[in-house]
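Chemist: Chains as they are written, first to last, in numbering that gives the first Met the number 0: chain E, 0 to 291; chain R, 0 to 90.
Derived by calculation from the structure, the hints in this document are not laboratory data.
Some chain R residues near chain E, calculated using beta-carbon distances under 8 Å:
#1 G10
#2 T14
#3 D25
#4 P27
#5 V30
Glycine is no exception: its CB is placed at the ideal position from the N, C-alpha and C atoms.
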Amino acid sequence: MSEEAGAVAAVAVPLDVRITLARSAIQVIADDSGCDLLHIKGAAVDRSLRAVVASGTDVDALVRPEHVARLDLALRAHGWRVYSTFLHGSPFGHAQTYWHPTWGYFDLHRFFPGVRIPAADAFAMMWAESHGLALPGATGRVPALEMQATLLVLNAARNQMRDSDPVARWVDDAGLERAGVEKCVDRLRAHVAFAAAAGELEHFRGAPDYALWKVVSQGGSRTAEWWARIRAADSLREALLIAARAPLVNAEQLEHDLGRRPTPRELVAGMIDRWKRGARELAGSRSPRSTS
Amino acid sequence: MTAFAPADRVGAVVTPDAVYVAPLPDGPILVLEGTAALVWETALGSSREAVAERVAAATAMPIDDIRAEVDGFLERLVAQGLLVVAPAGRY
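Excised from the complex, chain R in its bound form (with noise of 0.2 Å):
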């Protein structure tokens, strides 16, 4: 079983109206705003399929309509060194 955590050298600061991330040491610090920080604070701790389950449930949207939006966001952060899949349990 594996889900998403932040990568080593990523800081994340969450508040009510965006997720802040950033590359350590030398940033730039990234700005997630609306349904982005919804894909982030969901995707911690939760596997792949799970994410998509969660965020249509928060935004009582169809899931067919937005999986794929949600897996090429999660791919995103993946390939930009920000999200890694690790063993469940870790975040």
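Excised from the complex, chain E in its bound form (with noise of 0.2 Å):
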């Protein structure tokens, strides 16, 4: 048996183990930091919620806005490295993804996109009615159900091409009242995400943050999508801050793409492409404005 016995081998694990267990490990290291998060999607999403048991492919956790920078130092300091930043993630700049040589991928939330009240806020909400999630090793928390549906839904609104009816999926389907899931997008003011979601957008026209919705969830331009951030800019600030970033490389997408550090004469000639390719968008949308 010895041989057996003390196999403690390097062998390959399953990705929803690994996931399981990366799950736990972010819940330790929170809470040493003293940090608050919810888990959210894949395994941590409660199994009324899924027909079918799936762990995704990494680990997702809403983290408590002021915390985001106490649990960024201390997953750097468990071998944590971050993989794409809050900067150029999404075009929401909801997310920081983490990449660990054990764990795998983590993808730390500071709001999640379409929900239009403060993020503290809408944090503490979800915090007071959260309940706890047994992990393997650690106790985790987890939003109350129909908080889980809503974020499903709004989550689903940027994934349309693979989820076609969200609504029916995590909500009808998993027996949950709409009244329930509707006072929820009430509360975090979501309702221009989940007309998105439902295919209802149109009715949200004249809303900040109609456009952004409709080239996240029905696809557009580069452009497109860089006019729909500014417009659903909160304040002023934040759509100068967009507006100064828009031209610039994403050096991360390029490090991905390249596999390697890029050089900074690949990042200059990746900056004038994404302005040409700007120009050219903007070229291609005026033309027919042009010729009415």
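Grab the two chains, each in its own frame, and use the hints to assemble them into the complex.
Modeler: Below you can see the structure in the form of structure tokens.
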């Protein structure tokens, strides 16, 4: 038995097992550093909402905004490396992705796309109604059931190619009352994103974030996405920051594409390419108007 | 009366093929296969004496042939901080 019993082998760990243990590892780091987080998506979703048990490909958690910087430091101290930053990860700037050689990927969410109340208020609301989640070697917390369903529908608004009727899937088929979920949407002021998921976005044509959700849920050019982000910004300062960033090449994306850190020459080439693409898209979007 | 239990800050996932055990939060993930997995699963909630007996029964091997090996492996798991001896009923 000894050889077999001593098998602490360097074999491949199944993805679902690795993610399950990664979730525990992240929870322990959060506990040790005094950070509050809510587990979302994947295996953290209540089983009553999941027709098929799927663990996903990474760990996702919503972190109390005031604790994000502290958790970032704690994660780095435990060998987690930033894979993509808030600025370059998505059009919303909501999540930062970390990677660890043992645990894999972790998406740290500082807010949830589509939620229009302040991130700290949204987290506090969800935290107050959260409940425990048993993890191997740790205990985490998850949002209340209706809130989980709401977040899943909002998330699906960004993945409509994969999930054509998220309201039916996460609310109706799960046996939840729509009124309960609509109450969450009201409290989060997430009406536009929810409408995008439900295929009713046109009801919100005048909303500041209408264009952003139209691009995100239905596709659009890079330029359209940047304009939509600027229009959806909560303040002039945020809009100016987005505008100032728009022409910059996404160095992280370039690094991932190249499989190595880009050289200064490649960064400049990427920036020029981005300007040219933006100019072409602008020219393309203006030409129909000039002929009418 | 005492029994084995996972140590604090140790995560374990049992699958049909193996038991995956990890000290948290830094790892690594240890893979226990075959009899090693059987010993882990049997140990939880069991006394030291009972583990060897149950493993012997499960593998149809004479207990005297395996007791030393099983005890040695349990010692190793305790020494690595993966298992603890706790009051029975904790696990």
